[in-house]
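Asker: Here's the letter readout for the chains.
2 protein chains.
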Amino acid sequence: MSTRIGIMGYGNLGKGVELAIRQNDDMELVGVFTRRDPSTVTICTEGVPVMNAAALEDGSAPAIDVLILCGGSATDLPEMTPKYAALYNVIDSFDTHAKIPDHFAAVDAAAKAAGTTALISAGWDPGLFSLNRLFGNCFLPEGSDYTFWGKGISQGHSDAIRRIEGVADAKQYTIPIDSALEAVRSGENPELTTREKHTRECFVVLEEGADAAKVAEEIVTMPNYFDAYDTTVHFISQEELDAEHSAMPHGGFVLRSGKTAGDKTCIIEYSLKLDSNPEFTASVLVAYARAIARLNAEGSIGAKSVFDIAPAYLSPFDGDYLRAHML
Amino acid sequence: MSTRIGIMGYGNLGKGVELAIRQNDDMELVGVFTRRDPSTVTICTEGVPVMNAAALEDGSAPAIDVLILCGGSATDLPEMTPKYAALYNVIDSFDTHAKIPDHFAAVDAAAKAAGTTALISAGWDPGLFSLNRLFGNCFLPEGSDYTFWGKGISQGHSDAIRRIEGVADAKQYTIPIDSALEAVRSGENPELTTREKHTRECFVVLEEGADAAKVAEEIVTMPNYFDAYDTTVHFISQEELDAEHSAMPHGGFVLRSGKTAGDKTCIIEYSLKLDSNPEFTASVLVAYARAIARLNAEGSIGAKSVFDIAPAYLSPFDGDYLRAHML
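In order, the protein sequence lines correspond to chains C and A. The first sequence lines up with residues 1 to 327 when you count with the working numbering. The second sequence lines up with residues 1 to 327 when you count with the working numbering.
Mixed in with the good hints, there may be bad ones.
Copies of one chain are not kept apart here, so a pair can be met inside one copy or by any two copies together.
[Said to hold, decoys possible] Here are the simulated DSBU-like pairs of lysine-lysine, each with C-alpha atoms no more than 35 Å apart in a straight line: (1) 197 with 83; (2) 112 with 197; (3) 197 with 151; (4) 259 with 197; (5) 112 with 214; (6) 151 with 259; (7) 259 with 83; (8) 99 with 259; (9) 259 with 15; (10) 214 with 83; (11) 83 with 15; (12) 112 with 15; (13) 259 with 214; (14) 99 with 15; (15) 15 with 214; (16) 151 with 112.
No lab work stands behind these hints, which were simulated from the structure alone.
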């Protein structure tokens with residue numbers, strides 16, 4: 001029997017989940033749920049209902065094995081994940097690192113009371129990058145961790161630029177600095193400042209009559225977002241922004257550089273190069289949905305992170321197949 | 001309380017395990033066991049007994065939580081792992097990929113009958129590379145797998161050269177071809193022949209009076225080992241071999257290149273650069289020993305592979321710490 005998936009929230013990530021389900025024959029999309037007027041939401045899959053989010057609470061939603069929560073971390077998920085964990089097995093991609101302990105506790109309480117299983121902070125960072133930080137620390141207990149992001153679009157930094165007076169639209173790329181990456185790969189264990197690890201490149205559309213020099217100055221001096229980086233600002237037209245910068249690539253690198261007790265240098269490197277950040281994140285969520293459905297069927301309830309999921313649970317294949325073909 | 005580790009077999013890997021335990025405060029080496037005369041074996045750790053392997057069966061060994069089996073895959077482990085799984089929780093690094101299903105079945109039967117927990121095929125390949133093959137296939141169901149090994153010394157190929165008449169000693173390096181790696185990284189999904197993926201470089205010491213041209217010809221035409229590769233042979237002195245080629249570096253690359261259902265290219269790359277193959281492999285075994293001790297304490301018995309181990313079990317830190325610091 002297929003694992004029946006519901007999608008709560010139909011933005012880029014929700015749409016990515018819808019697409020990812022098509023690549024997994026054992027998964028079935030049974031409903032898309034939205035806080036918007038469902039009649040205004042058009043999905044890609046024929047025959048699947050789009051329903052108001054209220055349907056998840058009033059008993060009118062179809063049977064769901066795992067509900068994938070595709071809301072934002074700032075305000076949606078802190079409320080949404082505990083709420084729906086009280087009703088369904090759920091997965092989210094909560095990515096506010098500093099608030100993960102509180103979020104985990106709230107979701108765990110709700111899931112345990114309801115007998116559901118809830119995975120928080122799945123995706124690639126947090127998620128796959130977290131796994132590689134953990135593995136690196138376990139296999140090389142004496143060493144240094146390095147995470148580089150990009151080249152990719154940072155939604156938060158793009159939003160910050162858009163809030164500046166005179167800016168009509170903007171996209172911001174986070175770019176890892178090659179020489180820093182190479183220094184880490186060489187085993188030098190460099191101590192790298194913020195400025196030495198990444199640059200930021202901004203493509204900005206001005207409103208009519210806006211002062212370009214003033215906008216540029218506001219960007220490069222913006223505390224927390226840009227002041228600690230070398231930042232380049234390009235002013236372009238809305239047409240060029242739409243044509244050249246509407247894709248959502250991302251990726252990055254996690255490295256662990258350490259020494260064995262015999263003083264031998266070992267370097268573990270994990271990297272992602274993603275032409276679509278939301279579509280890849282969605283693919284990760286769908287694989288973890290398979291794991292969550294299985295864990296719940298086994299009676300393993302409460303909140304989980306990717307650290308708690310044995311890798312075999314992610315695969316549609318059984319242990320015999322995996323050992324014969326992938327071990 | 002510490003996890004009490006026994007080491008069965010004291011070659012490069014066994015010594016690596018002894019060293020790796022020093023980097024893990026929650027692990028304690030309680031004994032080294034050997035089929036040699038124990039009085040001929042000197043270990044690095046004071047106060048730890050070196051005992052004949054018979055002690056593992058006659059009740060004279062100290063209490064052991066996990067016995068790490070550091071034998072060879074060709075003849076030692078197929079016999080050793082089921083035998084000791086009937087007595088102890090065990091870990092091996094069995095690496096004959098084609099025989100993994102049989103080995104797993106034999107170990108599983110022994111461990112289940114005895115109530116022990118046994119991890120087979122841990123290390124980096126099989127092991128960490130296997131995990132990355134599995135993850136890649138789960139997150140990008142439509143795609144291609146690539147594994148490159150090296151630059152590193154292949155024990156099997158070095159041994160094959162040493163068996164040639166006229167050869168006194170030899171070391172063989174397996175070297176991935178950069179242009180092939182770059183083609184994979186570009187997302188082209190190339191179909192690569194054996195010759196296109198790796199070259200082989202041999203450093204050979206001749207016996208006095210041996211015919212260099214004949215030895216070189218025998219090497220490069222050796223079926224299975226060298227005939228499908230571009231192979232370079234260097235003749236050097238024993239002194240140079242000992243001075244320049246006695247380290248045991250290795251490593252490699254696992255890549256998954258795939259497309260999302262939205263036709264976006266995504267590439268996952270995992271790589272290791274190891275100045276000591278046995279010391280790093282040993283570090284991996286020690287982290288998995290922690291997991292196996294925990295699983296056995298929870299009543300999870302029988303044979304396991306790395307696919308069955310939730311990553312959190314590898315760490316000395318608890319879930320709260322891991323979520324706060326690594327997620």
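Asker: Each hint needs a verdict: does it hold in this structure or not?
Answerer: Results of checking the hints against the structure:
no., hint, verdict
1, 197 with 83, "neither (39 Å within a copy, 51 Å between copies)"
2, 112 with 197, "neither (41 Å within a copy, 50 Å between copies)"
3, 197 with 151, "both (12 Å within a copy, 27 Å between copies)"
4, 259 with 197, "both (22 Å within a copy, 29 Å between copies)"
5, 112 with 214, "neither (53 Å within a copy, 72 Å between copies)"
6, 151 with 259, "both (29 Å within a copy, 19 Å between copies)"
7, 259 with 83, "between (45 Å within a copy, 34 Å between copies)"
8, 99 with 259, "both (32 Å within a copy, 33 Å between copies)"
9, 259 with 15, "between (43 Å within a copy, 16 Å between copies)"
10, 214 with 83, "neither (45 Å within a copy, 76 Å between copies)"
11, 83 with 15, "within (22 Å within a copy, 52 Å between copies)"
12, 112 with 15, "within (29 Å within a copy, 45 Å between copies)"
13, 259 with 214, "neither (49 Å within a copy, 42 Å between copies)"
14, 99 with 15, "within (26 Å within a copy, 43 Å between copies)"
15, 15 with 214, "neither (38 Å within a copy, 64 Å between copies)"
16, 151 with 112, "neither (40 Å within a copy, 49 Å between copies)"
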